[in-house]
Amino acid sequence: MRSLLLFFALLWVTAVSAISTTGDRLLVVLDDVADKATYSKFLGDLESRGFKLSYETPKSESLSLFRLGERAYDHVILFPSRAKGLGPNLTPNVLLQFINANGNILLTLSSASSTPSSVISLLAEIDIQLPADRTGLVVDHFNYDAASAADKHDVLLLPPPSSIRADIKDFFGVGAGANEVLAFPRGVGATLGSGELLTPIVRAPATAYSYNPKEQAEVLDDVFAAGSQLALAAAFQARNSARFALVGSAEMLSDTWFDAEVKTVGGKAAKTYNREFAKRVSGWAFQEIGVLRVNWIEHHLNEVGATNESNPGIYRIKNDVTYTISLSEYSWSTWSAFSVPANDALQLEFSMLSPFHRLPLVLDPAHSNPEAAAYTASFKLPDQHGIFNFKVNYKRPFFTNLEEKNTVSVRHMAHDEWPRSYVISGAWPWIAGIFATVTGWLAFCALWMYSAPTDKKKVIKKTQ
Amino acid sequence: MAPKHRNNRDVTPSAATSTASPSVSGTAPGATTSAVPVAKPIKAPAAATASSKQDWNSVVTNLINHYQDATPQRTKLIDAFMAFLVVAGALQFLYCVLAGNYPFNAFLSGFSATVGQFVLCASLRIQTTEANKSDFPAVSPERAFADFVVCSLILHFFCVNFIN
Amino acid sequence: MSSGSWTSVHWSFQSLVWEGACFPAALQLRRATGNQRHKTSNAMRFSQSFASTALLFLAAGLAQAASFWGFDEGTVSVAAKKGSEGVKHKLSQRTPLSTPVALGTADSVKVVLTAKDNGKGKRPHQAFVVLKEQDSGLEAPFPLTVKESGKAVVQIAQKDLPVQFLLSEKPLKASVVIASFGSATGLNTPIFDIEVKTDPSAPLPAYEKPLRYGKQPEISHTFKSDPKNPPKVISLFFALAVLATVPALFIGWALLGANLNNLTKAVGAAPLSHPSFFGSIVAMEFVFFMYYTSWNLFQVLPVIGVVSVVTVLSGTRALGEVQSRRLAGEL
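Chains as they are written, first to last, in our numbering: chain A, 1 to 464; chain B, 1 to 164; chain C, 1 to 331.
Because the hints were derived from the structure by calculation, they are not lab data. Note that the Cβ used here is the ideal one computed from N, Cα and C, for glycine as well. Be a bit skeptical, because a hint or two may be false.
Unchecked claim - Per label pair, the in silico range of CB-to-CB distance: (1) B:K133 <-> C:M290: 21 to 29 angstroms; (2) B:D79 <-> C:V233: 29 to 37 angstroms; (3) A:N302 <-> B:D79: 43 to 51 angstroms; (4) C:Q216 <-> A:G69: 35 to 43 angstroms; (5) C:E208 <-> A:N343: 39 to 47 angstroms; (6) B:N57 <-> C:N296: 58 to 66 angstroms; (7) C:S220 <-> A:N100: 14 to 22 angstroms.
What the hints assert, rightly or not - The list that follows gives simulated cross-link-like pairs (lysine to any residue, SDA-like), each with its CA atoms no further than 25 angstroms apart: (8) A:K391 <-> C:T222; (9) C:K224 <-> A:P360; (10) A:K380 <-> C:P227; (11) C:K224 <-> A:H415; (12) C:K170 <-> C:P205; (13) C:K151 <-> C:T114; (14) B:K133 <-> C:K151; (15) C:K265 <-> A:A446; (16) C:K215 <-> A:D364; (17) C:K215 <-> A:P365.
Please construct the entire structure, taking both the sequences and the accompanying hints into account.
Below is the structure:
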């Protein structure tokens, strides 16, 4: 508990100093630093949100993600590179180490050049597959921008992303106007492995497919992936809550497509949602949204006449207890009360090896305020003694992982906590048995000592 | 409880059970003359089984008569107390069989109170019987009774403690 | 392209990918209400509206107004083995087949058609037969091998299907997607249904759902049931029966001639010892009773100590008196 407090104290210190909960040092890796003009709006947005940007090229000698064994940057954006590899400073191993050290990465791809092999290896490590030959282009002959790609159909117009599952909070598509579409120009689609750490952010429409423009320009003999299996933007959150976001088209983050006018196949004019989407994807990747914090955890005996001491180390079997956890969610610049998404549930497990109880925690308005929401559950401890954990294991796509364990002992009934025998009606005959024995015995003692023999003569005659 | 050392008044029940053994009376060294009529009717039906039922009746009445005549009154009081304990114990056991043994500790203490008391009574009876005097030369009936009281009190304490 | 290059392993792997995420999409399609409609894929709306307008235009015979993709001479047949021909059904791009096509374990479905751009045979870039599982919305595209003339063919064997399709309760929806670059409008229309027949004797392939973070089923510990008391009447009856043995004992003793005639003699001989001895025994039982009802062990033990001293001291005297009576032949 103390280490937890220390952790949150540290977290608080870092939170005060930066817009992101994990730091403000952002490294932008571009093939040519001059290219940053292409993304000036996107990078300017990041700067205005409080990040301190540094620019490097993959070939730069001075580029190092670590200094003296510590992370030199908190976040990295990798823009597409024409080079075959990313050089000795950005090997897949280094990038994975960066993630393991709680660094966040936003990776962008482009179909204009083949993807560097170290990026392919890095993606393979986290179970994201790119098309063969490092080259792929996503086209959709049904949903393209009629203004700019009437012939090539390689600028996809997508609806703003919505939550992929009913119980997942929508982080990326909220606030999109009715007439706004997401432009996905000349991008690469990827397929995601079946791991639970991966979540698609934007999936391709049903009629879209990926092909190799160099080899399959005329005849499409083999399809890498099509339809919703094709992820155009994807999220990966490691177990240490470090984040990795993949955006299939770097171009969609460029100034050209921010607030651009596009035309749907139907001929309707629409505005692009790209600027807000870029803000949200980068905000998610750099821990500005979807970050959860545990403020405090409290549990106590919930029985009439009990002392209700906080966080006792020991309980008795079948005790009624109440557990409360206070959670906050970081959203752009402030901590606010965390509200569990609809259709989802914050669950408390009471477990010894395996859970004996798994109960939903419900909002406790009495202990909540705008900055923190308290969730509580009251239940009866199982009739099993041993060492148990109050465990909240809240891992959801796009939210940082919460895993809180509080260990308590559950003891057996003490000898004087059982119901007395006279309370139990079944014991009455046996109580009566003892009573009868004792009464009979007392009377017998009196008789043995004070009874005068009536057969005196007989006995005397016989024995003497 | 070795039968051969027992007085004929006590030995009668065991003699009745071992019908085919007329020599039982002979094994009791301290047998008084009254032991002979006990053994005799046993021997007779062994020869003529036709009238065995009648003989059995006479054996039982003989037995009862002998018990009533030859047992000192104090011993009879002990016997009555022991019979009472048997009945009380049997009722508790029957209840346990019929209605279940919950709470089991209550059953154990209630039932063992009667059983324990029965055992203590039996000890008292053995030690105070006139005919066993030779076996307990150092134990006077009063000393036996004092032991009986102390042991009974300890037994009661345990039972009260255990029934909760 | 040949269906051989799509190994079933590859497919089942691919279809595992974010299969769980397909559920909301399918649900949203069915519930077209307010907010949900907003979430429904615009892409779907676009493509559907286009497919339907394309059909309308064709039906109205206004095909010459713009360029449209379509197909002709389409047939679907189910063959037990590759090469052999089964029953052929003619396909129409306007109305799907009314009866589902049955696909057995060793069978394969063969779709043959000629893709046409504005009525002329031509090779499109995209020519897929897309199979869709109706419950989950999971889709699997199978590209057709297209010749320059637009003649296209694909053969889909049951073993090529992802595992989830084999376990599907409803028939699979097969649709054809024909589209290409340029201005010609693509075609995306349902053509027939497939009913997957699995071998009833062989066990169904197991499908393990991928692990997804989400809420888990609730667990409530089932407590051992409290021990039950027998009916109170029975307990009461037996309690009274046990208690009734006490008066029975007294009556029995009375019949045997028990009495307390020696009491006066005894008290006269040892006026202090006898009352205190018997009194101490009774007191001891009373202490036990108090222990049972209210006292704890530490309150009880000192009292027991005091009472037992009285019992021992008075007991020796009292029993001495009893002995003297016995020796006097009065017992």
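Practice problem: For the pair we were handed, K380 of chain A and P227 of chain C, check the Cα-Cα distance against 25 angstroms. | Solution: It holds: about 18 angstroms lies between the C-alpha atoms, which stays within 25 angstroms.
Quiz prompt | Cβ distance range 58 to 66 angstroms for N57 of chain B and N296 of chain C, holds or violated | solution = Given about 59 angstroms between the Cβ atoms, the range holds.
Quiz item: Are K265 of chain C and A446 of chain A close enough, with their CA atoms no more than 25 angstroms apart?
Solution: 14 angstroms, holds
Quiz item: Within a Cα-Cα threshold of 25 angstroms, do K151 of chain C and T114 of chain C meet the stated pairing?
Solution: 4 angstroms, holds
Self-check item: Pair hint K215 of chain C and P365 of chain A, alpha-carbon separation not exceeding 25 angstroms
Solution: 22 angstroms, holds
Quiz item: When you check the alpha-carbon spacing of K170 of chain C and P205 of chain C, does it fall within 25 angstroms?
Solution: 17 angstroms, holds
Quiz item: Do the Cβ positions of E208 of chain C and N343 of chain A conform to the proposed distance bound of 39 to 47 angstroms?
Solution: For E208 of chain C and N343 of chain A the Cβ distance comes to about 24 angstroms; the hint is violated.
Quiz item: K391 of chain A and T222 of chain C: Cα distance at most 25 angstroms?
Solution: Holds, at about 19 angstroms.
Practice problem: Could you check the hint for me, namely that N302 of chain A and D79 of chain B are 43 to 51 angstroms apart, CB to CB? | Solution: 60 angstroms, violated
Quiz item: Are the Cα atoms of K133 of chain B and K151 of chain C separated by 25 angstroms or less?
Solution: 124 angstroms, violated
Quiz item: Cβ-Cβ distance between D79 of chain B and V233 of chain C: within 29 to 37 angstroms?
Solution: Since D79 of chain B and V233 of chain C have Cβ atoms about 34 angstroms apart, the given range 29 to 37 angstroms holds.
Practice problem: Using the beta carbons of K133 of chain B and M290 of chain C, state whether their distance is inside 21 to 29 angstroms or not. | Solution: 41 angstroms, violated
Checked against the numbered hints given earlier, the structure breaks hints 1, 3, 5, 7, 14 and satisfies all the rest.
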